[in-house]
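Visitor: In case you want the letters, here they are:
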Amino acid sequence: MNAPLPHTPPTVLVVEDDPHLAAGLAENLRAEGYRVEHIGDGRAALEWLRKEHCELVVLDVMLPNMDGLTVCRTLRAEGNNTPVLFLTARGDPQDRIHGLEAGGDDYLAKPFHLHEFLLRVRAILRRWEWYQTSSASPAGAVLRFGGNEVDFRAFKARSFNGVTQDLTEKEAMILKVLAEKPGEIVSREDLLERVWGYDVFPSTRTVDNFILRLRKRFERDPAQPKHFLTVWGVGYRFLLEGEP
Amino acid sequence: MKTTRVFQLTALVLVVLSVVQVGWWVYDQHGDALRKAQLQRDFYAQEVMAAQALLDAGTPEERVHEMLPRVIISEGRATASPDFERQIERQQYKEINQYVWESAFFLLALGACMAVIARALRAEARVLQEQDHFLALVSHQFKTPLASLQLSLETLSMRSLSPPEQRSLIDRMLADLARMEALVTRILDSVRLERGRVDLKREAVELSSAVARVVGQFEERARKEHITFSTDVPRGLEVFADPLAVDVVIRNLVENALAAVAPLGGGTITLAARRLNGEIELSVRDTGVGFRPDDTAQLFRKFSRLKRDSSSAYYGTGLGLFIVRRMMQLAGGRVSAHSDGEGRGAQFVLAWPMAPVESR
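Here the protein sequences line up with chains A and B, keeping their order.
Under the working numbering, the first residue of the first sequence carries the number 1, and numbering increases by one thereafter.
Under the working numbering, the first residue of the second sequence carries the number 1, and numbering increases by one thereafter.
Mixed in with the good hints there might be a few duds.
[Unchecked claim] A partial selection of chain A residues facing chain B, derived with a Cβ cut-off under 8 Å:
{"no.": "1", "residue": "Asp-18"}
{"no.": "2", "residue": "Phe-112"}
{"no.": "3", "residue": "Leu-239"}
[Claimed, not checked] Here are the simulated lysine to aspartate or glutamate pairs, DMTMM-like style, with alpha carbons at most 25 Å apart:
{"no.": "4", "chain 1": "B", "residue 1": "Lys-143", "chain 2": "A", "residue 2": "Glu-116"}
{"no.": "5", "chain 1": "A", "residue 1": "Lys-170", "chain 2": "A", "residue 2": "Asp-190"}
{"no.": "6", "chain 1": "A", "residue 1": "Lys-156", "chain 2": "A", "residue 2": "Asp-95"}
{"no.": "7", "chain 1": "B", "residue 1": "Lys-143", "chain 2": "A", "residue 2": "Asp-67"}
{"no.": "8", "chain 1": "B", "residue 1": "Lys-143", "chain 2": "A", "residue 2": "Asp-208"}
{"no.": "9", "chain 1": "A", "residue 1": "Lys-226", "chain 2": "A", "residue 2": "Asp-208"}
{"no.": "10", "chain 1": "A", "residue 1": "Lys-226", "chain 2": "A", "residue 2": "Glu-171"}
{"no.": "11", "chain 1": "B", "residue 1": "Lys-143", "chain 2": "A", "residue 2": "Asp-17"}
{"no.": "12", "chain 1": "B", "residue 1": "Lys-143", "chain 2": "A", "residue 2": "Glu-37"}
{"no.": "13", "chain 1": "A", "residue 1": "Lys-170", "chain 2": "A", "residue 2": "Glu-219"}
{"no.": "14", "chain 1": "B", "residue 1": "Lys-143", "chain 2": "A", "residue 2": "Glu-169"}
{"no.": "15", "chain 1": "B", "residue 1": "Lys-143", "chain 2": "A", "residue 2": "Asp-190"}
{"no.": "16", "chain 1": "A", "residue 1": "Lys-181", "chain 2": "A", "residue 2": "Asp-208"}
{"no.": "17", "chain 1": "B", "residue 1": "Lys-143", "chain 2": "B", "residue 2": "Asp-132"}
{"no.": "18", "chain 1": "A", "residue 1": "Lys-216", "chain 2": "A", "residue 2": "Glu-169"}
{"no.": "19", "chain 1": "B", "residue 1": "Lys-143", "chain 2": "A", "residue 2": "Glu-180"}
{"no.": "20", "chain 1": "A", "residue 1": "Lys-51", "chain 2": "A", "residue 2": "Glu-37"}
{"no.": "21", "chain 1": "B", "residue 1": "Lys-143", "chain 2": "A", "residue 2": "Asp-166"}
{"no.": "22", "chain 1": "B", "residue 1": "Lys-224", "chain 2": "A", "residue 2": "Asp-17"}
{"no.": "23", "chain 1": "A", "residue 1": "Lys-226", "chain 2": "A", "residue 2": "Glu-241"}
Honestly, the hints are just simulated from the structure, not real lab data.
C-beta: ideal position from N, C-alpha, C; glycine also.
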């Protein structure tokens, strides 16, 4: 496989208490050109993440001292939006959903294929890189519509009624995808693909739920949306000016 | 879980139906008793009237008394006995009382049956739940070594590695396989113990040779990890237990001690035995990572693994000490654990009954 990025290699933090698995993951990630840090304990990982920076966390769910879900939830609550790829020995859909609800970006059940693992790592980093590049320019950093102002870099927004909103990483990404092409129809599948990756969620209903959340935050009347419009059977359309 | 819910609902409906039925029955019997009493009163009144009519017709008083003995006859007049009404009331009360007691007994018996069935069902549901839990944990325990094995194999097939790198991957895979094999053995042991399917023999087992056997199996591994064994088991101490079970519990404790010492880069494991109050005690003491005294109870639970150093290459199954405790229980013995705290070593003490003289 070829190296993912030509410039400074992204750092991946592997949080896995099994030494063999951790060593195998680290070796393969290094071979792909990533910088790798390894921690075998949930609480220590959280401490590390509070001080250091990395581009992706590969997080085992069952960890000594603090489980991976709690680590991720705590990170998100503290406003840390570093992407998280969960690794877990449980693979049923309910556990997947728990992981994603805790703020994870993707979820891989043990045992997994090395190829798939690397693809997912790359996909998360690519989505994240897209988000950051596109938020880097002054034009892409801030979105204004209907009295709302969204700061993509700080994951914060001020809504029409003056309330400051903390955006989750997914909310910000959905907003970003929609705002890239205002007025155009974006399908649910497109949103899933660009924000979560191909097969993470069991259904496109999740996208609908996120749109509902965005409407609650930014529409004067969430029941009569002017900016986040549903296109029946297809997806959504975002209007900067608002529907007359 | 579902069965219990269905049972609970059925039991509730049955109890309600029975209470209604019994209530109706008591009410019905009560009405019946009242009707019967009224009939008797009417009949008695007719007897009194008939006696009066006979007296009026000139029948001698003795004759009338013979025919209708319940009527009081004096001076040519027939009157109702004052006792009669009391008698009827007493009878009526007795009957109703009997019905109430019978119903209460019936309801009580019904309730007792239900309680017994409910208990049995609850116990069964708990067993099923535990089995599910066990299965989930077991599969969970397998997935990590499996994932590691798959990762190593795919790395080998995907990348061109130097011979030393290949060697290290192969060693890792062999270690993963050994881990899974150990896991299978222990799961089978613990399942058999759980179901009580082990027929533990009771015979005299010479402890010092059992200890020597087990220690011999681990000597090479101990040397590699800079761990020394020290044994102080006098010859001739005989415990009354199953020879295989004695080996298994000693082996599990020694493995546990090895795992506790290895992360510290070396240490000592001391096995010592003594006779005490008709029992024989074997203590396995190590200079390893130890545990917090608060965690003592947790140690022997199935799949409980205390915090371990992440740099250690040890993989506990969380079954070893569970097996030890269960086997000792079945053998009529005991096991206890003690540690002064993390990093301060640990001591496990096994106690078996002493072999009786005649079995030696």
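Visitor: Do the alpha carbons of Lys-226 of chain A and Asp-208 of chain A lie within 25 Å of each other, as the hint requires?
Guide: holds (16 Å)
Visitor: With the threshold set at 25 Å, check whether the alpha-carbon distance from Lys-143 of chain B to Asp-208 of chain A stays at or below it.
Guide: violated (34 Å)
Visitor: Lys-170 of chain A and Asp-190 of chain A were given as a pair; does the straight-line alpha-carbon distance stay at or below 25 Å?
Guide: Judged against 25 Å, a Cα distance of about 14 Å means the pair holds.
Visitor: Check the hint pairing Lys-143 of chain B with Glu-37 of chain A against an upper bound of 25 Å on the C-alpha distance.
Guide: holds (23 Å)
Visitor: Can the restraint linking Lys-226 of chain A and Glu-241 of chain A be considered satisfied, given a maximum Cα separation of 25 Å?
Guide: Judged against 25 Å, a Cα distance of about 8 Å means the pair holds.
Visitor: Given the proposed pairing of Lys-143 of chain B with Asp-17 of chain A, does the C-alpha separation stay at or below 25 Å?
Guide: Roughly 13 Å between the alpha carbons, so the hint for Lys-143 of chain B and Asp-17 of chain A holds.
Visitor: Run the distance test for Lys-143 of chain B versus Asp-67 of chain A: straight-line Cα separation, threshold 25 Å.
Guide: Satisfied, since the Cα-Cα distance of roughly 17 Å is no more than 25 Å.
Visitor: Go through the hint on Leu-239 of chain A and say holds or violated, using the shortest Cβ distance to chain B against 8 Å.
Guide: violated (47 Å)
Visitor: Taking 25 Å as the top limit, are the C-alpha atoms of Lys-143 of chain B and Glu-180 of chain A close enough?
Guide: violated (42 Å)
Visitor: With the threshold set at 25 Å, check whether the alpha-carbon distance from Lys-51 of chain A to Glu-37 of chain A stays at or below it.
Guide: Distance ~13 Å between Lys-51 of chain A and Glu-37 of chain A Cα, so the pair holds.
Visitor: Is it true that the CA of Lys-143 of chain B sits at most 25 Å from the CA of Asp-190 of chain A?
Guide: Violated, because 33 Å separates the two Cα atoms, which is more than 25 Å.
Visitor: Can you confirm whether the C-alpha distance between Lys-143 of chain B and Glu-169 of chain A stays at or below 25 Å?
Guide: violated (31 Å)
The structure does not agree with the numbered hints 3, 6, 8, 14, 15, 19 and 21 stated previously, though it agrees with the rest.
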